[in-house]
Structures are given as structure tokens and as C-alpha cells.
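Chain by chain, the residues:
Number of protein chains: 2
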Amino acid sequence: MDFEQLKDRLDALLEKESLGEMRGALMMLNVVDIAAYMDTLEGENLLKMYRILPKDISADVFSYLSEDQQQRLMRLIGETETSRLVGDMYVDDAVDFLEELPANLIRRLLRNVDEEQRKNINAFLEYPENSAGSIMTAEFCEFHEGITAKDALKELKKNAPDKETIYTLYVLDPQRHLIGTLPLRRLLIAPDEAPIEKIMTTGFVSARTLDDREYVAELVRKYDLLSVPIVDNEGRMVGIVTADDILDVIRQEATEDIEKMNALLPSESEYIKTRPVKLAMNRLPWLLFMMVSSILTETIIDKFSASLTIAFSACIPMLMGTGGNSGSQSSTLAIRGLALNEISPKDALKVLLKEARVSIIVGAALSVLCFGIQTLVFGRTVLEAGAISAAMLCTVILAKTIGSMLPLLAKKLKLDPALMAAPLITTLVDVCSLLILVLFASSVA
Amino acid sequence: MDFEQLKDRLDALLEKESLGEMRGALMMLNVVDIAAYMDTLEGENLLKMYRILPKDISADVFSYLSEDQQQRLMRLIGETETSRLVGDMYVDDAVDFLEELPANLIRRLLRNVDEEQRKNINAFLEYPENSAGSIMTAEFCEFHEGITAKDALKELKKNAPDKETIYTLYVLDPQRHLIGTLPLRRLLIAPDEAPIEKIMTTGFVSARTLDDREYVAELVRKYDLLSVPIVDNEGRMVGIVTADDILDVIRQEATEDIEKMNALLPSESEYIKTRPVKLAMNRLPWLLFMMVSSILTETIIDKFSASLTIAFSACIPMLMGTGGNSGSQSSTLAIRGLALNEISPKDALKVLLKEARVSIIVGAALSVLCFGIQTLVFGRTVLEAGAISAAMLCTVILAKTIGSMLPLLAKKLKLDPALMAAPLITTLVDVCSLLILVLFASSVA
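Quick mapping for you: the protein sequence lines, in order, are chains A and B.
First residue of the first sequence: 1, per my numbering; consecutive thereafter.
First residue of the second sequence: 1, per my numbering; consecutive thereafter.
In short, the hints are calculated from the structure, not lab data.
Glycine residues also receive a C-beta, built at the ideal position from the N, C-alpha and C atoms.
Treat the hints loosely; a few may be bogus.
[To be verified] If you anchor each label on the Cβ, the simulated ranges turn out as follows:
| # | chain 1 | residue 1 | chain 2 | residue 2 | range |
| --- | --- | --- | --- | --- | --- |
| 1 | A | R111 | B | A356 | 44 to 54 Å |
| 2 | B | E67 | A | L349 | 44 to 54 Å |
| 3 | B | I147 | A | L210 | 29 to 39 Å |
| 4 | A | R111 | B | L376 | 58 to 68 Å |
| 5 | B | P191 | A | P195 | 20 to 30 Å |
| 6 | B | P128 | A | M28 | 31 to 41 Å |
| 7 | A | H177 | B | P191 | 29 to 39 Å |
| 8 | B | P266 | A | H177 | 52 to 62 Å |
| 9 | B | D151 | A | K158 | 13 to 23 Å |
| 10 | B | S443 | A | T299 | 20 to 30 Å |
| 11 | B | V377 | A | G78 | 55 to 65 Å |
Kindly produce the complete structure, drawing on both the sequences and the hints.
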């Protein structure tokens, strides 16, 4: 059954006000789909549906609602009921919801939440955006030295319902320093009386609360982990980041890079839900920058118009287009290589040599084709076509050098390499390629 | 300890030929790091290190080696020993390794592998690239109706070491159709005598062997799954795809899209390991296409050179640059929105209206700035500056329309939307913006 069908049937049940049937239908669905359905409801229907939800899944469903819908529902059910939801949600989901609210409302909502949950939420709200702390959750399974495998398993069974994941257990010393990790798989096959410190792994990986979330994502990917323990500055364990949150991080980071590489300010909201004015504001900065910098190209053409005969000025778009694309090919590979930790600024010389060889192959092929087009299609003289082709070769080599080196330089200077992508590279290459063309044009004039 | 230090110490131990110390050191490391270290070794040292590896982790370490290193090691240890590794590896890892080898070598290697593993591997080798079947593994935990929670747990403990994941169990009927899934968490807290068909979930999600791997990735992300069951065309369960494999899929798909969007043929190999000729071949197709299509722009300029006075021809780079970037902004958002399932071709009208409003805001801002620059910086007449600004406004609107609609059209026609990115959009917009400029230029001439 696809989502449209599901929505039609649930709409009908909601219309009928048949509580029993609706409860039965909900039992067949998972919380993600229920939340997706509730995202389509408004006003009275939204409230009616919320009232039908079994209490034990309402907090879970609430965490999967869209931001707007969460706030709409909050206004419908009032602050006391919202408080209860916040108390029942996993800390990381509660934080995601609260982050968007004004500070005084957060304070009121947290007033009725039990103290431990409130303390956790407050601590989490203070971690900087995109840090490991900001995406972790406090509900992990902790154990202390001395307990046997059998007792650990018994305790685990008791606590399982409240934990975000039970598939990796964390062993802490009395000062709450992490001393080992224990996959549930290994606990299951261990002898009953084995003390857990004998079966745990001490060679675990961990991250700090202030580490970038991309670093955590890299750990999960590299070591195929289900969760990463997060420790504070004193090495005490404070939370875990689970693999499912990492999937979202990897996607968001890729989207951000793609946006930056295409002359857009990165945005976290979905395109279809963003207002036109906001979309325009994300697009204007680069466009304005490029327009202002095109004063340079216009000046060059103005100044050298005497030597730019029609043969030369007609090929400016081709030269600039090829140059811009050659450069953005190289910068794309460098930026993505840096993002995936496949290259680092230390590899600059290696990259430069490789790009040199690539650009000679590519440039030579393009120059030959260019010469053919200029003489055969447009009937330019051999001298003109030769000058244009030579300008083409130089432009490609220069574009690939600039394109591959700027991202590495940005990384070295601790700037974001993705900013050195097409928009900036193209602008730079435009100016350079024009100068090269003018040089060759005036030498044959 | 970072990787450089780790490598130095292991190098020293390998040099010393101290078997005991090396074994001890390896016990402190995980297989990913051991494989990363072995990736740096050559010839005799690689073989020496392999001989030191404990037998029970050698297959695991082998799966994490780079492709080249796997083949190098295979030549060093011979086909019989490689056969043993293939027999011990998880099916999906074995398939990844074998895929790169010639067919007759695969046959020889599989000759010594036990029959079940061989059958599985052969079946897997036949799934098309990028299908769910090609990334799944056959080692999942299956149970049949009638067994109690207690017995299931007992059986699980026995089989745990051989399974890729034990955290979701799959319940099959006698015809091997999947009838339910059971998270280990729920099994742990169930009463001992509960039959598993009473505690399993029947509202599970699954995919088919021929579904695209991106579809599986979307399921994992949307429903926060640890693994997805894969069924064949008759609905019989044949494997699972685990979340850690999905992380790689999401990254690879993002990389592919980024490459396609920047005039590159997508490539699966790391930049730094790819030969210059191969890199050049990935870059030439789009560059050649764009050069050939620039015959159009050159023809237009050639033909209308009379009305393109210096005021107009000098602003061609600015006009094309702004048009190209405006278009690629819109196509980027459309392509990414399609990839993340946030928009679909059905939303075409909604997108068109949104882009219309955005492009009027952006176009108006740019036109005003453009008019200012043309009159104040370059001293063009009001008539010239007005015509250029009007051309600018039309170009932005047209570029955003083309940029947002072509990816949706591609999706509708079941083509890859990422192909409708910067390179193609820019080429189209270049021609259109030139025609617009010529139109305005000749109207004021």
C-alpha cells in the first residue's frame, strides 16, 4: 500500500470517528508512517488524531513530525501535555524540538519534566551546532566493573525499553570514565560467570562532545559501528551517537557541499517548504559577487577592443565556458577528495603533477578540435585559429591548476574547501582566460 | 595514537621479526586499522604480516584491504589459501573481492569453497550493479514459526558468531516467505515461553533483489533501520542489507551526483589512485560537447556583430556568467530535491511558480545593480544600460525556469536528473542569453 492509499483510508476512519477501528489500523503501522500521515492534517483533525494515539507511542510519533507540525500540535494540546511528551522523548529528539522555540517557552515546558531529563536536555541545548554533543543521546546502557555476564544480561533486559540502543554496552569506572565497550553479541555468547571487564573491548573508538559531527560520521563509516561513545573534556562518558543519526548527517553534509559548490548559501530547510524571499536571499550573495567581479572582464574587453577583432571576440564565450568547466572539474574532485579524507593539503605536489598531466592531455585534444572548428566552420585564418587554440591550451592548464590548488589552500588555511568551487573558480578563470586571449590576440594583430 | 605512530611501531616490530610482540600488538587493534596498515606494505613484508595474522581474523582483515592490495596478496599466498579466505568471508565481502577478477580465476577460487557458500556467491555475482541484491549478504538469523522465545535465544547464541547482524531476527514460513521481523531487544524482554510469531512485527518493510540500492538506503534512513530484508521475485527471503553498507551507498551516490553535476563522468576509484589518462577520459566528454555547442554562440556573435557595439559585446561575459549561475542554482536545488525525494515531477507547477517569484526578486536586484555599474562605472548611455539590464532580467528568469524544469522533465522521462546540471544548463542558457542580448541590442541600435 502506498502513502496515498494509506492516507485515504485513515482519512475515512478519522471522518467516521470510529475510535476502535482507528486504534486497530494504527497498530498495523509504524510510527514513521503515522507521523507522515499526521503531517498532512490540520486543526481539529490533527488534535483528534493525537487524542486517538496510544500514550506509549505518542512521544515517538511526535519526534517524527515535521518542525512546523510539532509547533502546531503544541499550540493545540497546550503546554502541560507538551511537557509530558518532552519528558517521554529521547533526549536528542527533545532537544531537536526545543531548539526551535523561544527561551522562555523552553523554560516553562521543562518545569514539569523530571529533574534528570531536564538536566540532560539543558546540557544538550548548550552544545554548538554541528558538534558531536548536539546530535548525541544520553540513553545508553552503562555497566560497572565486577558485574558478571549473566547479571549484566539480566539488568539489560530490565532497562532495554528506555535505551536508544542496547546493542553496544559501555563499561565505566567509578569516575564515569569509559574503560571498555561490549557488543551485545559477545555478551550473549559469553559464559554466565565471566566478569564483563574480561570480555569487553578496550581498543574502542570514541569522540568528544565538541568534535565536529562529520568526524563522528567518519568513525562510524570507517569502523562500521552501530554507535560511537561521546566523552566530555575530562574523559567522562556523557552520551552516544547512533548510526541512524549519522545517515542524516552524511546526507545533510553532502547537500550542504553541493549547495556551496553551486553558488548557493547552504540551507537546512526543504526547498518546497522555503519561502521565495528566503530562497532569493540564499542565491543573491554569489550572483552579486559575480556581477561586481565581472567589472574586470568588461574593463578588459573595453580596453583591448582594438585588438579583439571579430574572430577573437566571437570565441570569448567558448574560451570562458571551457575554462570554467575545466576548472570546476578539478575543484570538484579536490573538494570531494578532501571531504572524504582521500587527499589532504600535504598531497598538493602530487595533485599538481597529476593535474598537469591531465590538463596537457585534455588541453591538447580541445585545442586540436578548436583549431578545426575555427578554420573549417568559421573560416578564420591559420594565424587567428592558431592563436585561439594556443589561448585554449593555456586556459585549460591554468584553470586546472587554479581549480585543484585553491581547495587545498583553503583547507590549509582552515577555511571551507567547498567555497573554492565553481562560482569562485569560474570568476577567476574568466579573468585569466580573457587576459590570455588578449595577449595572443594582440601578438597576431 | 594516530595512524603514523601506529605504522612506525608496527614497522619496527615487523623489522624485528618478533612474532610474540607482533601478535600482542595486533590484539590491541581492530581489523580496520590492521587492514589500513597492511595497505601500506609491499612484497615480502605484506606476506610476512599476513602469516602473523591470527587465522580467525585473517578473512575479516582481507575484506578491509584495498582492491589492489587484495589482488597483490592473492598472488603472494596462492589460490588455495585465497580460496580459504573466500570461504571464510561474509558473502557480500567475498563478492566485492571476486567481482574484480577474471571469470576463470573466480571459478578456480570457488572450486574449494563449500557448496552452500559457493552457491550463494554465484547467485550474488549475477545481481546487476547498484541493485539491492548486489549489496546484500546472506548471513542473517532466520527462525520458523512455533519456536519459543527461550529456544530462539538459545539457538541465536549458538549461531551468533557466523551472522552479519543478530540484532534483527527474521521469521520465515516453510516456503521461506518472510512473515515477520523480531528485534533482538524485543526477544530479550519477552516471556520465555512466548512463541515468536506472537512477539514478531508483521508490519515490516522489505525490498526486492532488483530494487535500486538507493531505494534501500531511503528505507533505512526513513525508518531508522539496522537492516532491511531482501526478498526475491517469489517473495522468498534471500538476504539482508545492513546499515553500515548503506552509509557507503549514501556517500557514493552523493559523490556520483556531485561529479555529474560538475561536468565529470562519475568514477568509483579514488582520485589520488586514478591514472591521468583515465582522469582525462572522465573529463573530456562534457568539455568536447560544450566546445562543439559553442559553435552556436560564436555563430550568433559573428552574425550580429553589426548591432553588438562595444557596450554590448563587453557585457557578454557578465550576462552569460550570471545566467549560467542562476540556472545552476535552480537545477541544483531541483536535482537534490529529487534525489532526497522532497519533490517529484508532479510538483512541476509548484516549483515553476516558486522559481518565477524567486527570479523576479533576484533578477530585479541584479538589474538595478547592473544599470548602476553600466552607467556609473562604464559611462554607457541610459538607453544602452537599460537594454543590458532588461536583457539581464530576462536571462535570469529564463535561466531559472530552464534550470528548475529540466531535472523534473528528466525524472519524468526516467533519465538521470543529475545530467541536467550546470554543464548542460549553462550551455543552453548561454545561447538563450546571447539571443536575448542581440534582440535588445538591435532594438536600440
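Right, here's what the structure says about each hint:
no.: 1; hint: A/R111 - B/A356: 44 to 54 Å; result: holds (47 Å)
no.: 2; hint: B/E67 - A/L349: 44 to 54 Å; result: violated (25 Å)
no.: 3; hint: B/I147 - A/L210: 29 to 39 Å; result: violated (48 Å)
no.: 4; hint: A/R111 - B/L376: 58 to 68 Å; result: holds (59 Å)
no.: 5; hint: B/P191 - A/P195: 20 to 30 Å; result: holds (28 Å)
no.: 6; hint: B/P128 - A/M28: 31 to 41 Å; result: holds (33 Å)
no.: 7; hint: A/H177 - B/P191: 29 to 39 Å; result: holds (37 Å)
no.: 8; hint: B/P266 - A/H177: 52 to 62 Å; result: violated (45 Å)
no.: 9; hint: B/D151 - A/K158: 13 to 23 Å; result: holds (22 Å)
no.: 10; hint: B/S443 - A/T299: 20 to 30 Å; result: holds (26 Å)
no.: 11; hint: B/V377 - A/G78: 55 to 65 Å; result: holds (60 Å)
Going through the hint list in order, the structure does not satisfy hints 2, 3 and 8.
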